[in-house]
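Each chain, letter by letter, is given below.
There are 2 protein chains.
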Amino acid sequence: MEFISTEKTRDKLDIENIIEDYNNGLLKHGDIVEVKGSIHRLRIMSGFAFVVLRTPRRLFQCVYTDGEADFDINTIPEEACVIAKGKIVTDERCALGFEVHLTGMTVLSQPAELLPLVINKKELKLGIDVLLDNRAITLRNPRERAILKIADGVMCAFRNFLHSEGFTEFVAPKIVQAGAEGGADMFELDYFGQKAYLAQSPQMYKQMMVGVFTKVFTMSPVFRAEKHSTSRHINEFQGLDLEMGFINSFEDIMALEARMMVYIFNFLRTEYAMDLAELKVTLPEIKDIPKIKFMDAKNLIQEVYKRPYRDPNDLEPDEEKLIGKYFMEKYGSPFVFVTHYPTKKRPFYTMDDPENPEFTLSFDLLLNGTEVTTGGQRIHDYNEQVAKMQSRDMDINDFSDYLMMHKCGMPPHGGLGLGLERLVMRILNLDNIKYATAFPRDLNRLNP
Amino acid sequence: MEFISTEKTRDKLDIENIIEDYNNGLLKHGDIVEVKGSIHRLRIMSGFAFVVLRTPRRLFQCVYTDGEADFDINTIPEEACVIAKGKIVTDERCALGFEVHLTGMTVLSQPAELLPLVINKKELKLGIDVLLDNRAITLRNPRERAILKIADGVMCAFRNFLHSEGFTEFVAPKIVQAGAEGGADMFELDYFGQKAYLAQSPQMYKQMMVGVFTKVFTMSPVFRAEKHSTSRHINEFQGLDLEMGFINSFEDIMALEARMMVYIFNFLRTEYAMDLAELKVTLPEIKDIPKIKFMDAKNLIQEVYKRPYRDPNDLEPDEEKLIGKYFMEKYGSPFVFVTHYPTKKRPFYTMDDPENPEFTLSFDLLLNGTEVTTGGQRIHDYNEQVAKMQSRDMDINDFSDYLMMHKCGMPPHGGLGLGLERLVMRILNLDNIKYATAFPRDLNRLNP
Numbered sequence: 001m002e003f004i005s006t007e008k009t010r011d012k013l014d015i016e017n018i019i020e021d022y023n024n025g026l027l028k029h030g031d032i033v034e035v036k037g038s039i040h041r042l043r044i045m046s047g048f049a050f051v052v053l054r055t056p057r058r059l060f061q062c063v064y065t066d067g068e069a070d071f072d073i074n075t076i077p078e079e080a081c082v083i084a085k086g087k088i089v090t091d092e093r094c095a096l097g098f099e100v101h102l103t104g105m106t107v108l109s110q111p112a113e114l115l116p117l118v119i120n121k122k123e124l125k126l127g128i129d130v131l132l133d134n135r136a137i138t139l140r141n142p143r144e145r146a147i148l149k150i151a152d153g154v155m156c157a158f159r160n161f162l163h164s165e166g167f168t169e170f171v172a173p174k175i176v177q178a179g180a181e182g183g184a185d186m187f188e189l190d191y192f193g194q195k196a197y198l199a200q201s202p203q204m205y206k207q208m209m210v211g212v213f214t215k216v217f218t219m220s221p222v223f224r225a226e227k228h229s230t231s232r233h234i235n236e237f238q239g240l241d242l243e244m245g246f247i248n249s250f251e252d253i254m255a256l257e258a259r260m261m262v263y264i265f266n267f268l269r270t271e272y273a274m275d276l277a278e279l280k281v282t283l284p285e286i287k288d289i290p291k292i293k294f295m296d297a298k299n300l301i302q303e304v305y306k307r308p309y310r311d312p313n314d315l316e317p318d319e320e321k322l323i324g325k326y327f328m329e330k331y332g333s334p335f336v337f338v339t340h341y342p343t344k345k346r347p348f349y350t351m352d353d354p355e356n357p358e359f360t361l362s363f364d365l366l367l368n369g370t371e372v373t374t375g376g377q378r379i380h381d382y383n384e385q386v387a388k389m390q391s392r393d394m395d396i397n398d399f400s401d402y403l404m405m406h407k408c409g410m411p412p413h414g415g416l417g418l419g420l421e422r423l424v425m426r427i428l429n430l431d432n433i434k435y436a437t438a439f440p441r442d443l444n445r446l447n448p
Numbered sequence: 001m002e003f004i005s006t007e008k009t010r011d012k013l014d015i016e017n018i019i020e021d022y023n024n025g026l027l028k029h030g031d032i033v034e035v036k037g038s039i040h041r042l043r044i045m046s047g048f049a050f051v052v053l054r055t056p057r058r059l060f061q062c063v064y065t066d067g068e069a070d071f072d073i074n075t076i077p078e079e080a081c082v083i084a085k086g087k088i089v090t091d092e093r094c095a096l097g098f099e100v101h102l103t104g105m106t107v108l109s110q111p112a113e114l115l116p117l118v119i120n121k122k123e124l125k126l127g128i129d130v131l132l133d134n135r136a137i138t139l140r141n142p143r144e145r146a147i148l149k150i151a152d153g154v155m156c157a158f159r160n161f162l163h164s165e166g167f168t169e170f171v172a173p174k175i176v177q178a179g180a181e182g183g184a185d186m187f188e189l190d191y192f193g194q195k196a197y198l199a200q201s202p203q204m205y206k207q208m209m210v211g212v213f214t215k216v217f218t219m220s221p222v223f224r225a226e227k228h229s230t231s232r233h234i235n236e237f238q239g240l241d242l243e244m245g246f247i248n249s250f251e252d253i254m255a256l257e258a259r260m261m262v263y264i265f266n267f268l269r270t271e272y273a274m275d276l277a278e279l280k281v282t283l284p285e286i287k288d289i290p291k292i293k294f295m296d297a298k299n300l301i302q303e304v305y306k307r308p309y310r311d312p313n314d315l316e317p318d319e320e321k322l323i324g325k326y327f328m329e330k331y332g333s334p335f336v337f338v339t340h341y342p343t344k345k346r347p348f349y350t351m352d353d354p355e356n357p358e359f360t361l362s363f364d365l366l367l368n369g370t371e372v373t374t375g376g377q378r379i380h381d382y383n384e385q386v387a388k389m390q391s392r393d394m395d396i397n398d399f400s401d402y403l404m405m406h407k408c409g410m411p412p413h414g415g416l417g418l419g420l421e422r423l424v425m426r427i428l429n430l431d432n433i434k435y436a437t438a439f440p441r442d443l444n445r446l447n448p
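Residue numbers (this note's numbering), protein chains in the order written: chain A, 1 to 448; chain B, 1 to 448.
Please note: incorrect hints may appear among the correct ones.
Put simply, identical chains are the same to the list, so a pair is met inside one copy or across any two.
As the list claims (entries may be wrong) - Cross-link-like lysine to aspartate or glutamate pairs, in silico, DMTMM-like; alpha carbons within 25 Å at most:
1) Lys195 / Asp129
2) Lys215 / Asp133
3) Lys8 / Asp288
4) Lys8 / Glu271
5) Lys227 / Glu188
6) Lys85 / Asp381
7) Lys227 / Asp190
8) Lys325 / Glu2
9) Lys280 / Asp129
10) Lys287 / Glu2
11) Lys215 / Glu7
12) Lys293 / Glu2
Everything labelled a hint here was simulated from the structure, so no lab data went into it.
Given the sequences, and given the hints that come with them, work out the whole structure.
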């Protein structure tokens with residue numbers, strides 16, 4: 001009988017291992033190495049050529065000289081996948097302290113045609129539709145892929161942080177019978193003859209799971225059938241949702257989020273430094289985060305920026321921008337919590353402020369002048385929840401699954417939701433949220 | 001201005017911190033502590049009572065004695081959320097070495113009604129529909145929730161392992177225009193007037209991302225509109241999908257998975273020991289994993305168990321069981337790789353075995369006699385992929401987004417897909433996959 005070994009063997013063709021060995025003195029000037037990668041860029045000159053390999057985390061330069069290699073560089077196209085063989089040549093001018101002078105090349109695969117677009121420039125100055133239509137190849141550009149690497153880092157940091165805080169991850173279903181927020185703006189589908197919807201929030205499920213594990217999170221797609229077409233909305237996004245019980249006040253949730261942002265920023269700064277450098281982004285140090293009540297924020301902006309507000313119940317994008325500007329200039333904080341949003345504008349499960357029931361125990365977190373989180377305390381008492389639903393003319397019989405948890409006892413609790421793409425967009429200061437995800441969905445885009 | 005601090009304060013009401021302090025000598029016999037939790041079980045006797053608190057990871061026993069506490073235990077219902085106050089009493093008979101003798105109790109919330117089901121027994125012997133209809137409360141049972149804790153552990157281990165191997169996580173869209181596997185058995189929806197489907201696999205996307213990051217994974221819901229009703233299928237499951245480039249052979253993927261299973265089992269054994277104990281499950285040590293070709297496996301089972309096979313192109317569930325039995329008895333391995341499945345039964349992107357094109361460079365991994373993974377090498381060459389599609393009468397124009405990556409150069413690559421719930425079911429030896437997820441979806445179930 002033959003077996004598959006569970007022992008790991010070190011991958012000698014991986015450039016990261018070669019760099020490690022060079023830095024540790026295990027490889028030195030004159031040694032022969034083999035490196036795998038894609039031919040990212042060729043600059044063929046008279047008698048020699050620069051051959052830039054693209055590996056998972058970097059571009060790596062090799063040098064080809066006529067007569068020194070056993071192959072003809074002119075036969076190898078860009079985007080061929082190869083194993084390049086060559087001699088290590090120490091050169092202090094190189095970023096890594098060495099380069100590889102090619103002696104041979106094994107071609108593993110070749111593109112069938114010339115690429116329809118140039119992807120090996122520093123920055124792809126393409127229209128957004130061209131960029132997204134050709135995502136399979138435009139993402140190969142180092143700058144484009146660095147954005148998605150940051151998204152990987154944010155997901156990883158979110159989970160690491162919450163696990164370290166005692167949270168349990170769970171899976172919320174996406175095909176549901178009704179919506180937590182009421183049912184509007186949901187995609188409808190036929191589920192074996194029953195009418196069903198795509199979940200627009202895991203709200204109901206994360207509250208249920210608070211009754212089970214006290215602190216829970218889930219990371220999964222969220223679907224919104226909203227017909228907006230803005231630079232900060234997409235119709236399917238990656239929701240990072242958490243919920244926690246036994247809170248003393250909704251400020252416990254804000255405090256958790258403040259620590260989480262510190263963790264995420266530190267994690268990116270240390271583990272994703274290469275990607276931030278590629279994107280020319282320097283992350284600020286996160287200190288304590290200022291908080292301000294919704295009405296105070298509105299009045300402040302009106303006063304400071306002489307901008308009378310029109311909508312007393314919500315913040316307009318321009319007001320968010322000015323709030324961001326004010327707290328950055330006055331307190332040096334890219335983040336600000338806006339609290340106590342009006343009851344009218346928050347969902348039925350939000351707990352009202354006992355001191356003034358026209359407002360709620362809720363918050364948004366703004367980053368650089370854009371909302372990146374919505375959160376707050378939820379109603380845990382059954383009778384209070386039923387009364388609020390009835391005051392909104394909701395039929396409680398439609399919510400019997402939801403209300404079972406309240407009926408059977410729930411701790412004081414609350415939580416928050418983040419959109420991954422929105423957060424990445426704000427962290428990196430991108431113009432459009434669609435740059436922050438590999439395969440965005442909007443009103444007109446279902447492909448690729 | 002007020003600020004939300006980014007400093008963490010230690011939660012003194014958390015039983016885990018109290019246990020830590022007791023074990024470190026910071027708390028001792030006679031000290032007064034406060035613990036938060038839900039009243040899981042009350043056993044009221046004459047003059048005293050046992051009060052079992054449920055906290056996120058354990059049940060914890062407190063003792064109430066008439067006259068020693070400033071409250072009446074008869075006024076406090078099960079499932080109330082409380083802060084229990086009392087004196088630490090060292091007692092070697094207790095699992096933790098101490099218990100708490102109650103002096104006071106703050107009730108944070110109370111259930112509105114008596115629970116419709118008993119959830120505080122060791123094991124809930126409920127019919128599966130009752131169990132699932134009342135998921136908001138049946139999951140509060142320690143055994144039920146331990147299953148989901150294991151699911152949390154598998155997700156965490158999967159990602160930790162892949163990050164440590166240099167993989168990048170990405171998000172694949174769920175609303176798609178066509179299906180990777182052809183379009184059958186997909187849920188259809190209306191997307192702003194366009195016909196769209198729920199993705200039945202992230203296959204196309206993970207291949208594209210191999211061209212970007214070489215090693216990638218994604219964890220997200222997968223939707224299958226299959227009308228089966230078995231104990232091992234659900235219609236929405238959590239897919240754990242990975243794909244890797246620059247492979248030498250499809251055995252590289254099997255080797256990665258073998259190491260991953262070792263990692264997952266070790267991680268559960270160390271980090272989730274309490275949950276495994278609750279479930280009375282001992283995990284086996286994973287050693288090198290045997291592999292056998294599909295046809296050899298079929299013939300072996302026919303020979304050893306005198307069971308003539310009917311379907312030459314697939315393994316029946318009974319055959320999988322017998323293969324599992326054989327390799328467990330003969331080699332002590334709960335896992336076995338079955339390789340080289342017939343071309344007919346594998347999708348269009350699967351690479352044929354050059355030595356015998358009726359079979360493919362593919363594998364399934366069986367755990368305790370059930371398939372938990374399907375994987376294999378994919379076609380990377382554009383012309384080869386087009387030829388295989390045409391031989392299956394597929395219109396390549398329907399796949400231009402998919403084929404762009406092949407046309408523009410792809411490394412030799414392959415990958416695999418796991419279903420979280422199926423894996424948890426097999427690890428814990430559950431009778432039905434629906435026990436392995438919080439909110440399953442099947443032909444008849446859309447709630448809760």
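Q. Can you tell me if Lys215 and Glu7 fall within 25 Å by alpha carbon in one copy, between copies, both or neither?
A. between (36 Å within a copy, 19 Å between copies)
Q. 25 Å Cα cut-off: does Lys8 pair with Glu271 within a copy, between copies, both or neither?
A. Both. Shortest intra-copy (23 Å) and inter-copy (22 Å) distances satisfy the 25 Å Cα cut-off.
**Q.** Intra/inter-copy verdict for Lys8 and Asp288 if alpha-carbon distance must be at most 25 Å
**A.** Close across copies (11 Å), not inside one copy (44 Å); limit 25 Å.
**Q.** Intra- versus inter-subunit Cα pairing at 25 Å for Lys293 with Glu2
**A.** Classified as between: cross-chain Cα gap 10 Å, same-chain 67 Å, threshold 25 Å.
Q) Is it within, between, both or neither when you check Lys287 against Glu2 at 25 Å Cα-Cα? A) Between copies, since 13 Å is at most 25 Å while 57 Å is not.
Q) Is it within, between, both, or neither for Lys195 and Asp129, if the alpha carbons may be no more than 25 Å apart? A) Between copies only: 21 Å across, 34 Å inside.
Q. How would you label the pair Lys227, Asp190 (within, between, both, or neither) given a Cα cut-off of 25 Å?
A. both (21 Å within a copy, 13 Å between copies)
Q. Should Lys325 paired with Glu2 be assigned to within, between, both, or neither, using CA atoms and 25 Å as the limit?
A. Intra 65 Å, inter 17 Å, cutoff 25 Å: inter-copy only.
(Q) At most 25 Å between alpha carbons: which applies to Lys280 and Asp129, within, between, both or neither? (A) within (24 Å within a copy, 55 Å between copies)
Q) Using 25 Å as the alpha-carbon threshold, which applies to Lys215 and Asp133: within, between, both, or neither? A) between (40 Å within a copy, 23 Å between copies)
Q: Could you figure out if Lys85 and Asp381 sit no more than 25 Å apart (CA to CA) within one copy, between two copies, both or neither?
A: Between copies only: 23 Å across chains, 69 Å inside a chain, cut-off 25 Å.
Q: Can you give me the call for Lys227 and Glu188, within, between, both or neither, at a CA distance of at most 25 Å?
A: both (15 Å within a copy, 20 Å between copies)
This entry satisfies every hint, going by the numbered hints stated previously.
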